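Asker: Chains as they are written, first to last, in our numbering: chain A, 541 to 754; chain B, 131 to 232.
Where hints are given, some of them may not hold.
Stated by the list, open to error - Only pairs whose alpha carbons sit at most 20 Å apart, straight line, appear in this in silico PhoX-like list of lysine-lysine:
id: 1; chain 1: A; residue 1: K714; chain 2: A; residue 2: K752
id: 2; chain 1: A; residue 1: K713; chain 2: A; residue 2: K752
id: 3; chain 1: A; residue 1: K713; chain 2: B; residue 2: K209
id: 4; chain 1: A; residue 1: K714; chain 2: B; residue 2: K191
To be verified - Derived DEER-like restraints, expressed as beta-carbon distance ranges:
id: 5; chain 1: B; residue 1: P156; chain 2: A; residue 2: I686; range: 24 to 32 Å
id: 6; chain 1: B; residue 1: A205; chain 2: A; residue 2: L542; range: 34 to 42 Å
id: 7; chain 1: A; residue 1: I633; chain 2: B; residue 2: L227; range: 41 to 49 Å
id: 8; chain 1: A; residue 1: E650; chain 2: B; residue 2: P156; range: 34 to 42 Å
id: 9; chain 1: B; residue 1: N162; chain 2: A; residue 2: G653; range: 43 to 51 Å
id: 10; chain 1: B; residue 1: M131; chain 2: A; residue 2: N684; range: 32 to 40 Å
id: 11; chain 1: B; residue 1: A143; chain 2: A; residue 2: S754; range: 14 to 22 Å
id: 12; chain 1: A; residue 1: R716; chain 2: B; residue 2: I165; range: 29 to 37 Å
FYI, nobody ran anything at the bench for these hints, they're computed from the structure.
Just so you know, these numbers come straight off a predicted model, no measurement behind them.
Virtual Cβ for every residue (Gly too), placed ideally from N, Cα, C.
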Amino acid sequence: MLRDSLSVAIPVGSYGAAFGAAAVAGGFSVLQACALSLLLFSGASQFAVVGVMAGGGSALSAITTGALLGIRNGLYGMRMAPILNLSGIRKLIGAQITIDESTGVAISQESRGEGAMRYGFFATGVGVFLFWNLFTLIGALGANSIGDPSSWGLDAAVPAAFLGLVWPRLVDKKARMAALLSLTLALALTPILGAGLPIIATVLIALVLGWKAS
Amino acid sequence: MTELWIATLGASAICFLLKFLGYSLPESTLNNPRIQRINNFVPIVLLSALVSVQTLTIESKIIVDQRLAGVLVAAIALKMRVSFPLMMISAALTSALVYNFI
Chain A
541 MLRDSLSVAI PVGSYGAAFG AAAVAGGFSV LQACALSLLL FSGASQFAVV GVMAGGGSAL
601 SAITTGALLG IRNGLYGMRM APILNLSGIR KLIGAQITID ESTGVAISQE SRGEGAMRYG
661 FFATGVGVFL FWNLFTLIGA LGANSIGDPS SWGLDAAVPA AFLGLVWPRL VDKKARMAAL
721 LSLTLALALT PILGAGLPII ATVLIALVLG WKAS
Chain B
131 MTELWIATLG ASAICFLLKF LGYSLPESTL NNPRIQRINN FVPIVLLSAL VSVQTLTIES
191 KIIVDQRLAG VLVAAIALKM RVSFPLMMIS AALTSALVYN FI
C-alpha cells in the first residue's frame with residue numbers, strides 16, 4: 541500500500557514544479573509560491589489564486605475563487621472524520637492534508653477496513669505534501685531564473701494546467717455542457733466586469749445545472 | 131501588505147478553515163443531494179472559466195496569441211491520454227515556438 545501512496549504522491553508532487561513556475565511567471569515571489577503550497581496546499585485552489593491575480597483580478601476575487609474550489613476538501617473531511625477520528629494537533633495535520641489524492645486513496649482501500657483507509661490517507665497526504673512543496677520550490681526557483689516567461693511558453697502552461705485539472709471531470713454530457721457554457725460566459729463577461737469576477741460568476745451555471753437531478 | 135500577500139494568506143486561511151470545518155461539522159450538514167450535485171459542478175465551471183480567461187484575455191481584453199496554440203496542443207495531448215507533465219511540456223513548447231519564431 542505504501543507503493544499505492546507513493547505512486548500517487550510522486551507524480552502529483554511533480555506538478556508542484558508546474559505550479560511553482562506558474563506562480564512566479566504570474567508575478568508571485570518564490571516565497572509566496574512556497575507559502576501557497578505550504579499553507580493552502582490544494583492544487584486547483586492554488587492555481588486559481590495565481591491565475592486570477594496574474595490576470596489582473598483583485599485579491600478578493602482570487603480568495604473567493606480559491607475558496608469555492610476548496611469547498612470540496614471540506615466535504616472530503618466530513619467523509620473522513622468518522623474514519624480518522626482525530627483531535628488536537630492530529631486534527632490540524634489531518635485537515636491540512638485532506639485533498640483529492642489522500643481522500644481518493646483512502647476510499648480506494650475501503651474493502652480492506654478502516655485501518656488500511658487511515659494508512660492510505662496519511663501515507664498519501666504526507667507524501668504529496670512533501671513532494672508538492674519540494675517541487676514548488678524547484679519550479680519557482682527555475683522560473684525565477686529564466687527571464688521572460690512567454691519565451692519559455694509558461695504563459696500557456698497555466699491554462700493548460702487548468703485544462704488538465706478539468707479534463708478528468710468531463711465524464712458525461714452535462715459536465716461537458718457545464719464546461720462549454722462556463723468557457724463562453726467567463727470570456728464574454730471579462731471585457732465588461734474585469735478580471736476575477738467573471739470566473740466567480742460561472743458558479744451560476746453550477747447552480748442551474750445542479751438544481752435538478754437528471 | 132501587498133495584494134499578492136493578501137491573496138496568498140487570505141486564500142490559505144479560508145481554504146484551511148474549509149478543510150478543518152469538514153472535521154468539525156456533523157456529516158449530515160451538507161448531506162443534501164442538491165448541494166452535492168451543485169458542488170460537483172463547481173470545480174468544472176471554475177476551472178473551465180480559468181482555461182478560457184487565461185488563454186484568451188490580457189488585462190480584461192480578449193487577445194488571441196501563442197497561448198491559444200499551446201492550449202489547443204494541450205487538449206490534443208489530453209485526448210491522446212498522455213501524462214500530465216508531458217501535456218504541460220507540449221503546451222509550453224508549442225507556445226514558446228509560436229512566440230519566438232512566428
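Asker: Give a verdict on every hint.
Answerer: Hint check results:
{"no.": "1", "hint": "A/K714 with A/K752", "result": "holds, 12 Å"}
{"no.": "2", "hint": "A/K713 with A/K752", "result": "holds, 15 Å"}
{"no.": "3", "hint": "A/K713 with B/K209", "result": "holds, 16 Å"}
{"no.": "4", "hint": "A/K714 with B/K191", "result": "violated, 29 Å"}
{"no.": "5", "hint": "B/P156 with A/I686: 24 to 32 Å", "result": "violated, 49 Å"}
{"no.": "6", "hint": "B/A205 with A/L542: 34 to 42 Å", "result": "holds, 35 Å"}
{"no.": "7", "hint": "A/I633 with B/L227: 41 to 49 Å", "result": "holds, 44 Å"}
{"no.": "8", "hint": "A/E650 with B/P156: 34 to 42 Å", "result": "violated, 21 Å"}
{"no.": "9", "hint": "B/N162 with A/G653: 43 to 51 Å", "result": "violated, 29 Å"}
{"no.": "10", "hint": "B/M131 with A/N684: 32 to 40 Å", "result": "violated, 21 Å"}
{"no.": "11", "hint": "B/A143 with A/S754: 14 to 22 Å", "result": "violated, 36 Å"}
{"no.": "12", "hint": "A/R716 with B/I165: 29 to 37 Å", "result": "violated, 22 Å"}
Going down the numbered hints, you'll see the structure goes against 4, 5, 8, 9, 10, 11 and 12, while the others check out.
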